[in-house]
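Kindly produce the complete structure, drawing on both the sequences and the hints.
Residue numbers (my numbering), protein chains in the order written: chain B, 1 to 309; chain X, 310 to 618.
Since the hints were derived computationally from the structure, they do not count as laboratory data.
Don't be surprised by glycine CBs; every beta carbon is placed ideally from N, CA and C.
Do not take every clue at face value.
[As the list claims (entries may be wrong)] Here are the computed lysine-lysine pairs in the BS3-like style, where the Cα-Cα straight-line distance is at most 30 Å:
hint: 1; chain 1: B; residue 1: Lys244; chain 2: X; residue 2: Lys581
hint: 2; chain 1: X; residue 1: Lys553; chain 2: B; residue 2: Lys216
hint: 3; chain 1: B; residue 1: Lys83; chain 2: X; residue 2: Lys581
hint: 4; chain 1: X; residue 1: Lys439; chain 2: B; residue 2: Lys216
hint: 5; chain 1: B; residue 1: Lys244; chain 2: X; residue 2: Lys525
hint: 6; chain 1: X; residue 1: Lys581; chain 2: B; residue 2: Lys216
hint: 7; chain 1: X; residue 1: Lys553; chain 2: B; residue 2: Lys272
hint: 8; chain 1: X; residue 1: Lys392; chain 2: B; residue 2: Lys272
hint: 9; chain 1: X; residue 1: Lys481; chain 2: B; residue 2: Lys216
hint: 10; chain 1: B; residue 1: Lys272; chain 2: X; residue 2: Lys439
hint: 11; chain 1: B; residue 1: Lys130; chain 2: X; residue 2: Lys525
hint: 12; chain 1: B; residue 1: Lys272; chain 2: X; residue 2: Lys525
hint: 13; chain 1: B; residue 1: Lys130; chain 2: X; residue 2: Lys439
[Unchecked claim] Just a sample of chain B residues kept apart from chain X, beta carbon distances all over 10 Å, derived:
hint: 14; residue: Asp6
hint: 15; residue: Ala40
hint: 16; residue: Glu48
hint: 17; residue: Thr56
hint: 18; residue: Lys64
hint: 19; residue: Ala107
hint: 20; residue: Met113
hint: 21; residue: His118
hint: 22; residue: Ala158
[Claimed, not checked] One side of the interface only, derived from the structure: several residues of chain X facing chain B at Cβ under 10 Å:
hint: 23; residue: Met422
hint: 24; residue: Ile496
hint: 25; residue: Asn507
hint: 26; residue: Asp580
hint: 27; residue: Val603
Number of protein chains: 2
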Amino acid sequence: MTVQFDRIALIGIGLIGSSLAHDIKRLGLAKEVVIATRSAETLKRAEELQLGDRYTTSSAEAVKDADLVIVSVPVGASESVAKEIAGSLKPGAIVTDVGSTKASVIAQMQPHMPENVHFIPGHPLAGTEKSGPDAGFPGLFEGRWCIFTPLENTDERALKTLGRFWETLGSKIDVMDPAHHDKVLAIVSHLPHLIAYNIVGTADDLGTVTESEVIKYSASGFRDFTRLAASDPTMWRDICLHNKDAILEMLARFSEDLAYLQRAIRWGEGDKIFDLFTRTRAIRRSIIEAGQDVDAPDFGRPHTLDKKV
Amino acid sequence: MTVQFDRIALIGIGLIGSSLAHDIKRLGLAKEVVIATRSAETLKRAEELQLGDRYTTSSAEAVKDADLVIVSVPVGASESVAKEIAGSLKPGAIVTDVGSTKASVIAQMQPHMPENVHFIPGHPLAGTEKSGPDAGFPGLFEGRWCIFTPLENTDERALKTLGRFWETLGSKIDVMDPAHHDKVLAIVSHLPHLIAYNIVGTADDLGTVTESEVIKYSASGFRDFTRLAASDPTMWRDICLHNKDAILEMLARFSEDLAYLQRAIRWGEGDKIFDLFTRTRAIRRSIIEAGQDVDAPDFGRPHTLDKKV
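Written out as structure tokens, the structure is:
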């Protein structure tokens, strides 16, 4: 069964917002899509791409009479959006978000939400390292998880309606506590991004090895990190600032483990090193078996001969 | 101009050795290829795959009358191979290796090399996370760098002959000092692998987030690390032990930078975080411009809709 809304308001039209726009249009999920973003330039680009039906720089204007409001902005902007839209929301509307941290988004938005709307925090685990309205594409959410962290007293019908919306986009739904969500994401997403940013920064800072050498020889391992380290800086700065406790805990564990490995290298403890390297190999196998990554060598990157064959 | 050798001996038949075997056969670079590996099981598999013309578990036997000997074993095994083959090498033969650390391989092999052979240490920067004789494929070296770290008094003609061999496989040649090679590789390859192994280990150890959650949600960033962390444990243990100084130096820099980032998160210094995240994005652009990685989002991994289209 397909859900249809009379009007959907998309607040923010970056990678996630524009991918939503593509899918809503493709699947016919709304009679009207209204797009709002603060930047006039981004808004113009969204209009050129024909992502919606109406365009405005005012979030308050966009949410008027919308049955579904999806806030897709850097998590640090959640409170200002909530304040701006609060007075214009239609009674009975569903308001959701796509933020990568949940406790902070709830703390920022919930206090401003009127009692007669359904605020359901959400997080689709989907994306690429690209950003902006040109980065979106139809099918981004297909086969991906969407996690809801509903508040107490969330209306079951509204939750089902929102669940069906994401399922129509091809997503699988999970429900969890906001604090647990923030811990899970700290390890599976936030720490990997931080580490990737950090190692790319370290390589950039070296005096003895030139940057051109780093780039030239990057295929020997380094380049795998650069994809995550090319992610949107504003989005990721906000995530760092808004999931601070869980991230600092994971960083502490990571550093502790790294010190252990470093010591094993210094003292030539080959067995300890070998044990770790064997254990991690098994995890990749599990990820491939779970269908969460491709098994092709090098992520399936083309090798030159493949192109010729 | 194609080089041709009467006999090539491949000592070790893992990913690199077997890829060499495929290419030597495909390009007709030798009249005879002799394959040696210590493990009878691996040797049998190499024979089933028809990778060579003769097969033996004795490296000494394999190198007899060979004009080119390529040692492709974990770097920690270099000395025992050198000792084993030293007495059987043909005068005038070229002996090279493919090890990821160069100072250590030279220290292990050079003292055993007879004066009448040309020992030229080498390192093709090519590979995937797979290992063993089944992992090899034709064209692995196409478009990749091969670094030579020649010793003093290396015969220019032998160096040219070996260079042409790798160029025939499609590689580009670089020449550098062994110590500089080891530093460059420490940052572009060894540190990234270590960090990847470490973060995958940390995720595996968590109590609050289950391993199944890590696997289930790994597409949000974590999975990018698991490819490197699935690399051959023996090979990488040996690299850690045999490029210790350069690796410990890079680890120290990395940890220092990570502490700086951690402090910025703790104290909410958004500007410092934003600056790093912006700088790293530029490096990925350079890598893509240099043709060292694909620009397709997600390393070009298929998104479900792509398959349908």
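Tested hints:
1. Lys244(B) with Lys581(X): holds (15 Å)
2. Lys553(X) with Lys216(B): OK: Lys553(X) and Lys216(B) at ~23 Å, within 30 Å.
3. Lys83(B) with Lys581(X): Given pair Lys83(B), Lys581(X) holds - Cα atoms ~28 Å apart, limit 30 Å.
4. Lys439(X) with Lys216(B): Answer holds: Lys439(X) to Lys216(B) is near 23 Å, not above 30 Å.
5. Lys244(B) with Lys525(X): holds (23 Å)
6. Lys581(X) with Lys216(B): This hinted pair holds, its Cα atoms lying about 28 Å apart.
7. Lys553(X) with Lys272(B): holds (15 Å)
8. Lys392(X) with Lys272(B): Satisfied, since the Cα-Cα distance of roughly 28 Å is no more than 30 Å.
9. Lys481(X) with Lys216(B): Holds, at about 11 Å.
10. Lys272(B) with Lys439(X): Satisfied, since the Cα-Cα distance of roughly 22 Å is no more than 30 Å.
11. Lys130(B) with Lys525(X): Distance ~23 Å between Lys130(B) and Lys525(X) Cα, so the pair holds.
12. Lys272(B) with Lys525(X): holds (28 Å)
13. Lys130(B) with Lys439(X): Status holds; Cα separation ~28 Å.
14. Asp6: holds (26 Å)
15. Ala40: Given a closest Cβ separation of 22 Å, the condition holds.
16. Glu48: holds (21 Å)
17. Thr56: holds (28 Å)
18. Lys64: holds (32 Å)
19. Ala107: holds (15 Å)
20. Met113: holds (26 Å)
21. His118: Holds, since 25 Å exceeds 10 Å.
22. Ala158: holds (25 Å)
23. Met422: Violated, about 25 Å.
24. Ile496: Result: holds, 5 Å to nearest chain B Cβ.
25. Asn507: Holds: closest Cβ of chain B sits about 5 Å from Asn507(X), inside 10 Å.
26. Asp580: At 9 Å from the nearest chain B Cβ, Asp580(X) passes the 10 Å test, so the hint holds.
27. Val603: holds (6 Å)
Violated hints amount to a single one, hint 23; each of the other numbered hints is respected by the structure.
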